[in-house]
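Chemist: Construct the complete structure from the given sequences, taking the supplied hints into account.
Residue numbers (my numbering), protein chains in the order written: chain A, 1 to 152; chain B, 1001 to 1152.
Please note that the accuracy of each hint is not assured.
Pair ranges (Cβ atoms, derived) [said to hold, decoys possible]: (1) A:ALA61 to B:GLY1105: 34 to 44 Å; (2) B:ALA1035 to A:ARG12: 47 to 57 Å; (3) B:PRO1045 to A:GLN75: 33 to 43 Å; (4) A:LEU98 to B:GLU1019: 27 to 37 Å; (5) B:ALA1035 to A:SER104: 46 to 56 Å; (6) A:ASP46 to B:PRO1045: 21 to 31 Å; (7) B:MET1068 to A:LEU98: 19 to 29 Å; (8) B:GLU1043 to A:LEU98: 19 to 29 Å; (9) B:ALA1035 to A:ALA74: 44 to 54 Å; (10) B:ALA1062 to A:LEU83: 29 to 39 Å; (11) B:ALA1108 to A:ALA16: 44 to 54 Å; (12) B:PRO1009 to A:PRO107: 51 to 61 Å; (13) B:PRO1013 to A:GLN89: 18 to 28 Å.
Below, in silico cross-link-like pairs of lysine to any residue (SDA-like), each with a Cα-Cα straight-line distance of 25 Å or less [claimed, not checked]: (14) B:LYS1060 to A:LEU98; (15) A:LYS60 to B:ARG1087; (16) A:LYS60 to B:PRO1045; (17) B:LYS1060 to B:PRO1045; (18) A:LYS60 to B:ARG1095.
Quick caveat, the hints were computed from the structure, so don't treat them as lab data. Don't be surprised by glycine CBs; every beta carbon is placed ideally from N, CA and C.
2 protein chains.
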Amino acid sequence: MTQPPALHPAPRPPFATPEAAEEGFYAAFAAIDPAAMAEVWAEDPDTLCIHPGGGLLQGKAAVMQSWMEIFSAAQPPTIEVELISARTQGDLAVRVLLESIRPSGGPAETASRVLTTHVFRLLDGSWYLVQHHASLPLRAGPQGGDPERRLH
Amino acid sequence: MTQPPALHPAPRPPFATPEAAEEGFYAAFAAIDPAAMAEVWAEDPDTLCIHPGGGLLQGKAAVMQSWMEIFSAAQPPTIEVELISARTQGDLAVRVLLESIRPSGGPAETASRVLTTHVFRLLDGSWYLVQHHASLPLRAGPQGGDPERRLH
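Modeler: Structural data, given as structure tokens:
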């Protein structure tokens, strides 16, 4: 059985803008392509990743290990993203997105909605991801959250 | 009944550094002081806050409403923070922290451990908080997370 052609081949570095690096991230994620994902992340000791409900992963090796585990268990998902906020200053950029992630071909109601903060750095002429902090609202609504945890 | 004296009165703006604004944030949080908390946040339409397990709150009014609700139901908590990462470029700063939050006087085992990304902006000579994105690891360990959500 042959693989279907990728509709959106993942762009590769150099990424001229934070948006381009982010496009590379989501293309690699949608294609569950570890090599493309690895090229999106900075070689930076402070690189970090927090998956929804997950702990802190620091350093590119730990971050990539987690993505390889996620990709090994998954079918290529369908991902839609909505940009909430974007700030760039010099070689530092912060973007907040609402992700909608569901099994490929699955109905929209099955989507996980994930709030994500991305941090990018401009390094050697290309923007790279240095931080992915994602969280899963536990219930719908702007005041949502675990009521037992409403201390914070 | 008189209020006990605050051991750490919350600093007020101008905040000379992102660290000073962050100190103001945690002092206001620990004192459950809405007025001090309001002074930490930027008057910025893109101001946003994501509480652990919560949805997206946008705009200072919605953000402050959430803090007033949290403070109205809580006793002053004990908060310890560990700095994970800090990046500043021009008037933009990003800091990642591991917070440990527990009822005042409560045993350390009762603490909620929260991973938080803060974004600060330098506006009119003072650093202000423009983003607080907090998430609660659902279980211990660097690979933690809801296994049913391991798609991402």
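Chemist: Checking each numbered hint in turn, tell me which of them this model violates, lowest number first.
Modeler: Numbers 10, 16 - these are the hints that the structure violates, sorted from lowest upward.
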